[in-house]
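The task is to assemble the complex, starting from two chains supplied on their own in separate frames and drawing on the hints.
These are the residues of each chain, in order.
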Amino acid sequence: KQEVTQIPAALSVPEGENLVLNCSFTDSAIYNLQWFRQDPGKGLTSLLLIQSSQREQTSGRLNASLDKSSGRSTLYIAASQPGDSATYLCAVPLGGGGNKLTFGTGTQLKVEL
Amino acid sequence: DAGITQSPRHKVTETGTPVTLRCHQTENHRYMYWYRQDPGHGLRLIHYSYGVKDTDKGEVSDGYSVSRSKTEDFLLTLESATSSQTSVYFCAILTSGGASTGELFFGEGSRLTVL
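Listed in order, the protein sequences are those of chains L and W.
So for the first sequence, our numbering puts the first residue at 1; every next one is plus one.
So for the second sequence, our numbering puts the first residue at 114; every next one is plus one.
Careful: at least some of the hints might be erroneous.
[To be verified] Here are the simulated SDA-like cross-link-like pairs (lysine to any residue), alpha carbons at most 20 angstroms apart as the crow flies:
1) Lys1(L) / Val173(W)
2) Lys42(L) / Glu216(W)
3) Lys170(W) / Leu19(L)
4) Lys110(L) / Leu19(L)
5) Lys42(L) / Asp151(W)
6) Lys42(L) / Ser120(W)
7) Lys170(W) / Gly95(L)
8) Lys166(W) / Ser178(W)
9) Lys1(L) / Glu172(W)
10) Lys183(W) / Val173(W)
11) Lys124(W) / Ser193(W)
12) Lys42(L) / Ala86(L)
Keep in mind that the hints were calculated from the coordinates and are not lab data.
For reference, chain W alone in the conformation it holds in the complex (with noise of 0.2 angstroms):
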């Protein structure tokens, strides 16, 4: 367990509405990710942080924004929801190591649908 909480873990809302995510860890770590998980597309990297305030796009940042205002929150938003951005969405952090060395650690997810 690397103390990783993600909320909510459940949510439906409508299309056009704002979304926020967050993600929770306990331990410190610098580097923290948000991935989405579809069918027949696999994991996606959305956005991710490198520290306090820096982050940077991922393959898939496009209706997506984040930010980091402390080292154990990061923060994913959809301004305003569509249906496309149904999906799981799955926080990670980089533990131990260096940034080319580091393990890659998941929270449970949050499944968001938008009707």
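Isolated chain L (complex conformation) (with noise of 0.2 angstroms):
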């Protein structure tokens, strides 16, 4: 069965720092990887999504690497902003078909000024 783990659960750092989120995942048959943030009493927004053959992704400030035979993927973020307070999850296929996500119980990221 697939599982996801994110570390850490919980994260605070001063503005302007760079900063990188882990996500681990126990099967590495995948054939790719989301990145979601979710600000609270919100939906999840999509942030990126790497396919198996593709090592990165970049949008704007955030870079995502995918390494399939180590079962991991982290997220980067640059120059890290207020803004950017949120809780972020990774999501894996759980397997099956259908594109049935599984999902980390996120990373809760706290930029203060």
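Following this line, the structure appears as structure tokens:
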């Protein structure tokens, strides 16, 4: 069974710092990995989708990497801002087709002034 | 914005009553999903649909049923609500690509409280 772990569960950094969020998964036979952001009381916003054939995806100050063989993905946030404060979740397919995703429990990020 | 609308956004009900949550999409995507989100458990898949009248179970399907009679609407029904079904329910759609390459987009959620 695919299991997804995100460490740390919470992170507090000063504004301007570069940071890395980690995601690990137990079954490396995935065809993609997706990173989401969730603000309190809101839905999930898709940040980046990495296909299994890719090693990295970039969007603005965000860069996500994928290492299938080691079962790991990282989300790099450059020059963090208070507006980046949110919970970040990674998700991989559960298996069995249909792109059913299983999620980590997230990293709650707080960027302080 | 992937054109997903969930209704109702908030509902309080009593144990034993039926509840139906609706997910509506405007873009004709084939795959739709219902998840629930709970503290300590994260997001878990309840049911999903891969076309009109085509649905399948997810990880936590007991106590829930779904229906999809039109491409744009995916309904989640709690036949007899229990307090353990108090949760935030999210609908999602798969956009672009195929089942193995598409990107998932979520609605704003429906907060259900069962007293």
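Taking the hints in turn, this is what the structure says about them:
no., hint, in the structure
1, Lys1(L) / Val173(W), "holds, 14 angstroms"
2, Lys42(L) / Glu216(W), "holds, 19 angstroms"
3, Lys170(W) / Leu19(L), "violated, 37 angstroms"
4, Lys110(L) / Leu19(L), "holds, 11 angstroms"
5, Lys42(L) / Asp151(W), "holds, 14 angstroms"
6, Lys42(L) / Ser120(W), "holds, 14 angstroms"
7, Lys170(W) / Gly95(L), "holds, 13 angstroms"
8, Lys166(W) / Ser178(W), "holds, 12 angstroms"
9, Lys1(L) / Glu172(W), "holds, 11 angstroms"
10, Lys183(W) / Val173(W), "violated, 24 angstroms"
11, Lys124(W) / Ser193(W), "holds, 15 angstroms"
12, Lys42(L) / Ala86(L), "holds, 10 angstroms"
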